[in-house]
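All chains should be built: construct the whole structure from the sequences, respecting the hints.
Using the working numbering, the first residue of the sequence shown is number 1, and each one after it goes up by one.
No lab work stands behind these hints, which were simulated from the structure alone.
Just so we're clear, the structure is a prediction, and the values are computed from it rather than from any experiment.
Wrong hints could be hidden among the right ones.
[To be verified] Label pairs and their computed distance ranges (CB to CB):
| id | residue 1 | residue 2 | range |
| --- | --- | --- | --- |
| 1 | Q171 | R232 | 42 to 52 Å |
| 2 | G218 | Q171 | 55 to 65 Å |
| 3 | V136 | L246 | 26 to 36 Å |
| 4 | G44 | R232 | 39 to 49 Å |
| 5 | N103 | Q222 | 49 to 59 Å |
| 6 | Q167 | R232 | 31 to 41 Å |
| 7 | G247 | I276 | 17 to 27 Å |
| 8 | V136 | G247 | 27 to 37 Å |
| 9 | D47 | I308 | 43 to 53 Å |
| 10 | E321 | P129 | 53 to 63 Å |
| 11 | I276 | A125 | 14 to 24 Å |
| 12 | E227 | A162 | 23 to 33 Å |
Ideal Cβ positions, reconstructed from N, Cα and C, are used throughout, including at glycine.
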Amino acid sequence: MSVLVVVEPDEGGDGLSVVSQETLTFARQLPGDGVSAVLVDAVGEPDDSVLTHCREHGVDALYVTDDERLQRYAALAWARVVGAAAEASGAAYLIAGGTARGNEILAHAAAVLEAPMATNVVSIAQPEPLEVERQVAGGAVLERVALTGEPAIASVAGHALAPEPAQAPGQARVERVTAELADADRAAQVVRLEEREGGDTSALTGANVVVGAGRGVGGAEQFADVEALAARLGGAVGVSRVVTSLGWRPHHEQVGQTGSRIAPDLYLACGISGAIQHWAGCSSSKTIIAVNTDAEAPMVTKARYAVIGDMHEVIPAVLEELG
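Next comes the structure, spelled out in structure tokens:
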């Protein structure tokens, strides 16, 4: 038995994405005799940085395609390649990160391969027969499901675990794979890319410290202290959905089910009630400190530490103490 992981490149061109590295770490926990990967994003020769990350994470073989028709993202066509790689590698498990593309490709692959699939998996409850725990209801509930049939297909929730290199590096030998494609497989495909307006989410998702603010901040003009504390701690500003809905801050700063999922070492949640949608985006934070006037707010009850008070009094006091 082997494990095949669908990997994605880092947006900045530095090897594999963090989510893909997390997924490879998860894949090594599955029973089997090795981990392979498939990369459809880069048609042709993979970058050296991608191969370096693959070796670090114990990948024995990296499957790529030379089909120029796959230069543009087309979920079903890419799923055909993934299916061909699964067959070539003899994969008993097919895994991808729970990104928009990862989930979409796996859904098509599950249909093509007529195999079971689970999304938003966070842990392996039982290796054989395979049972996994996955997030449902925005991460508020964990569901345990059995995956029967082969290959078992699952997407791994972002930041479900920290990426760690393998104890023994892999060879990461490059293997070519081809798939029979019909015109219908590319009926829905990306036709153009446009630069994001209003900022980049990578500063938020990659930050080790995030200072969050919710409705309790009071208004668009009340973010000076929040920004100052984030800068002082070398972190980023994150906000709740209501803040972006009110137009106080841009959407790329939103943390939550419809925003970014973060996993910083420290999340300082100021004036945020902690609705289930927001918790889905921040629950993977290593340490959460809540600042709120409401001692019964969900964020306060879930946080490791809490300060009951007005954020506009607490944050200036912290800034003064930090100097």
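Here is how each hint holds up against the structure:
Look at Q171 against R232: about 45 Å separates their beta carbons, and that is inside 42 to 52 Å. Under the hint 55 to 65 Å, the C-beta atoms of G218 and Q171, about 57 Å apart, fit the expected range. For the pair V136 and L246, the supplied restraint of 26 to 36 Å holds, since their beta-carbon distance comes to about 29 Å. The beta-carbon spacing between G44 and R232, approximately 45 Å, falls within the hinted interval of 39 to 49 Å.
Taken as a hint, the range 49 to 59 Å is violated for the pair N103 and Q222, whose Cβ atoms sit roughly 37 Å apart. Here the CB-CB span from Q167 to R232 is close to 38 Å, well matched to the stated 31 to 41 Å. Between G247 and I276 the CB atoms are about 23 Å apart, so this pair conforms to the stated range of 17 to 27 Å. Taking 27 to 37 Å as the suggested C-beta distance range, the pair V136 and G247 conforms, at roughly 31 Å.
The hinted window of 43 to 53 Å between D47 and I308 holds, with their beta carbons roughly 50 Å apart. For the hinted restraint 53 to 63 Å between E321 and P129, the CB-CB distance of approximately 54 Å keeps it satisfied. Distance hint check for I276 and A125: the Cβ-Cβ separation is about 23 Å, which falls inside the suggested range of 14 to 24 Å. Range check, E227 to A162: about 28 Å between beta-carbon atoms, so the 23 to 33 Å window is met.
The earlier numbered hint that this structure contradicts is number 5, and it is the only one.
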